[in-house]
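Going down the list, the sequences are from chains X and G. Under our numbering, the letters of the first sequence match residues 1 to 147, in that order. Under our numbering, the letters of the second sequence match residues 1 to 392, in that order.
These aren't lab readings, by the way, just hints derived from the structure by calculation. All values derive from a computational prediction rather than experimental measurement. Mixed in with the good hints there might be a few duds.
Interface residues of chain X toward chain G, partial, derived using beta-carbon atoms under 10 Å [as the list claims (entries may be wrong)]:
#1 Met14
#2 Lys18
#3 Ser99
#4 Phe123
All C-beta atoms, glycine included, are put in the ideal place defined by N, C-alpha and C.
Okay, here's what each chain looks like letter by letter:
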Amino acid sequence: MRREIPILLVEDDMVDVKTVQRAFKQSKIGNPLYVTHNGEEALAFLRHEEPYSDPDEAPRPGLILLDLNMPVLNGIEFLQILKEDESLRRIPVIVLTTSRDETDLVRTYNLSVAGYILKPVDFPQFVDVVKTIDLYWSLSEMVPCLV
Amino acid sequence: MFHRFRDPLPLLRKYSAATALLLSLAATAAGWRISTQHALSDALDRDPAPWLVLGFGTAASFLLFAAVRLQAAQSQSAHALAKRLSASFRQSEDSLRKARDELQWNVQRRMDELSLTNQVLQEEIGRRIQAEVLLENKINQLNQVNADLNDFAYIVSHDLRAPLRAIGSLAHWVYEDNAAALNEEGRENLETLSGRVRRMDALINGILEYSRIGRLEPGREVLDSHKVCREVIESLAPPENIAVRIVGTLPQIEYDRTHLEQVLQNLLGNAIKHFGKPTGEITVSATESIGAWEFCVRDTGVGIEEKHFERIFKIFQTLKPRDQVEASGIGLTIVKAIVEKHGGKVRVESTPGQGAAFYFTAPKVLASQGNDDFPTFAGGNAELAHTATEMN
Numbered sequence: 001m002r003r004e005i006p007i008l009l010v011e012d013d014m015v016d017v018k019t020v021q022r023a024f025k026q027s028k029i030g031n032p033l034y035v036t037h038n039g040e041e042a043l044a045f046l047r048h049e050e051p052y053s054d055p056d057e058a059p060r061p062g063l064i065l066l067d068l069n070m071p072v073l074n075g076i077e078f079l080q081i082l083k084e085d086e087s088l089r090r091i092p093v094i095v096l097t098t099s100r101d102e103t104d105l106v107r108t109y110n111l112s113v114a115g116y117i118l119k120p121v122d123f124p125q126f127v128d129v130v131k132t133i134d135l136y137w138s139l140s141e142m143v144p145c146l147v
Numbered sequence: 001m002f003h004r005f006r007d008p009l010p011l012l013r014k015y016s017a018a019t020a021l022l023l024s025l026a027a028t029a030a031g032w033r034i035s036t037q038h039a040l041s042d043a044l045d046r047d048p049a050p051w052l053v054l055g056f057g058t059a060a061s062f063l064l065f066a067a068v069r070l071q072a073a074q075s076q077s078a079h080a081l082a083k084r085l086s087a088s089f090r091q092s093e094d095s096l097r098k099a100r101d102e103l104q105w106n107v108q109r110r111m112d113e114l115s116l117t118n119q120v121l122q123e124e125i126g127r128r129i130q131a132e133v134l135l136e137n138k139i140n141q142l143n144q145v146n147a148d149l150n151d152f153a154y155i156v157s158h159d160l161r162a163p164l165r166a167i168g169s170l171a172h173w174v175y176e177d178n179a180a181a182l183n184e185e186g187r188e189n190l191e192t193l194s195g196r197v198r199r200m201d202a203l204i205n206g207i208l209e210y211s212r213i214g215r216l217e218p219g220r221e222v223l224d225s226h227k228v229c230r231e232v233i234e235s236l237a238p239p240e241n242i243a244v245r246i247v248g249t250l251p252q253i254e255y256d257r258t259h260l261e262q263v264l265q266n267l268l269g270n271a272i273k274h275f276g277k278p279t280g281e282i283t284v285s286a287t288e289s290i291g292a293w294e295f296c297v298r299d300t301g302v303g304i305e306e307k308h309f310e311r312i313f314k315i316f317q318t319l320k321p322r323d324q325v326e327a328s329g330i331g332l333t334i335v336k337a338i339v340e341k342h343g344g345k346v347r348v349e350s351t352p353g354q355g356a357a358f359y360f361t362a363p364k365v366l367a368s369q370g371n372d373d374f375p376t377f378a379g380g381n382a383e384l385a386h387t388a389t390e391m392n
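Sequences and hints are given; from them, build the entire structure.
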């Protein structure tokens with residue numbers, strides 16, 4: 001993954017946020033990681049609305065890591081809005097969840113997610129997952145004009 | 001009005017004697033008058049006519065008299081007959097009326113009875129409809145409770161996983177960040193903590209899997225169980241001291257692929273895990289019975305005492321402490337749930353010290369479905385299949 005590409009993590013659980021941050025550090029992934037805590041905040045971030053009105057503070061991400069079970073606006077609701085938005089729909093989204101529910105799997109793939117990853121219980125396993133994501137997005141071409 | 005023109009006969013009948021007398025008197029008088037005008041003998045000699053008239057008159061009178069009497073007698077008997085007839089007629093009319101009335105009464109009574117029966121029946125139907133509605137409500141309630149329970153199991157286990165994962169991660173970080181500062185006991189405790197987290201995760205996964213069997217309709221496809229079994233054995237990677245093999249050829253069955261894999265995995269996994277002897281073998285076989293195949297997973301391990309046969313299929317029941325053998329106690333519960341979901345049965349046979357055999361039945365492939373006719377997805381997986389094609 002190109003080092004300058006920002007990544008947006010949408011996750012409400014503090015330990016899960018820490019897990020991703022720590023796994024990034026251990027996998028030596030230097031991409032800037034931005035965190036929002038639910039779908040509504042994430043939309044505000046992407047649309048440069050309060051409190052993310054400064055575009056420098058909220059750059060357009062090249063990849064979104066999305067949890068599904070969140071308060072206010074959950075992952076699926078967020079995806080529905082995102083994929084309706086002509087300017088945001090091309091940003092790849094990877095679902096990072098504990099939900100093994102087939103219906104979640106079907107619904108998110110129907111909403112064109114780039115991947116669906118179950119959060120492993122073991123931290124070392126999670127580090128492997130993050131490394132794999134990094135490797136994949138180093139190989140996969142991204143839409144160059146991210147505006 | 002008609003009775004004014006009375007039959008003249010009865011009058012004649014009534015006065016027949018008087019009429020005959022009058023007629024004979026008239027005839028005699030006429031004869032007498034004729035005879036007085038002439039000397040009788042002369043008259044007789046000269047003219048016999050008056051005598052003839054007299055004689056005829058008398059004869060006619062008597063004839064008339066006789067005729068009238070006869071007529072009267074006849075008339076009387078006819079009258080009597082008519083009277084008798086009318087009497088018997090009246091009588092039969094009476095009995096007919098009586099019969100008719102009786103019949104009417106009977107019909108009425110039957111009608112009353114019928115309407116009563118009808119009413120009872122109507123009430124009965126009403127009661128039955130009510131009972132049916134009640135039953136349906138109860139079934140709906142039961143289904144709802146069942147669905148709620150499944151959802152509950154699902155949600156609870158799902159929500160339990162998040163903090164559990166956090167505990168696991170935090171323990172790991174403490175260990176990682178302070179490996180040098182920790183003493184032997186501290187490291188051991190943190191390792192045990194991680195082990196317990198994994199065990200709890202296995203339990204939660206078990207509940208999730210179990211609740212999923214109840215929640216989703218299983219898919220049905222024609223499967224080569226021999227191939228599936230071989231794959232499962234391969235994935236289990238049994239230790240070298242235990243030989244796992246298939247006896248004969250396993251049949252084609254109509255089953256949910258994941259379910260069949262899970263059943264074989266759990267039964268074979270259990271046989272390996274609880275073998276309890278340095279060496280031995282595990283065999284998988286299938287025999288044909290009416291309408292079903294009976295699969296058998298047999299091991300030559302330590303076996304199970306009969307008193308435990310029921311307990312081992314119950315959720316979270318293990319026969320050994322979990323620290324000795326890492327087991328969730330949900331494997332056989334899942335096997336039973338899956339097999340029963342597909343209309344089969346599970347049973348166990350064992351001779352302690354010699355081994356155990358777990359049997360389960362699976363429905364045969366219907367004749368209409370041949371080998372070439374592989375419905376790859378069905379039921380609960382249909383939506384997934386749809387998505388898969390959409391993705392392509």
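Which of the numbered hints are not met once you compare them with the structure shown?
none
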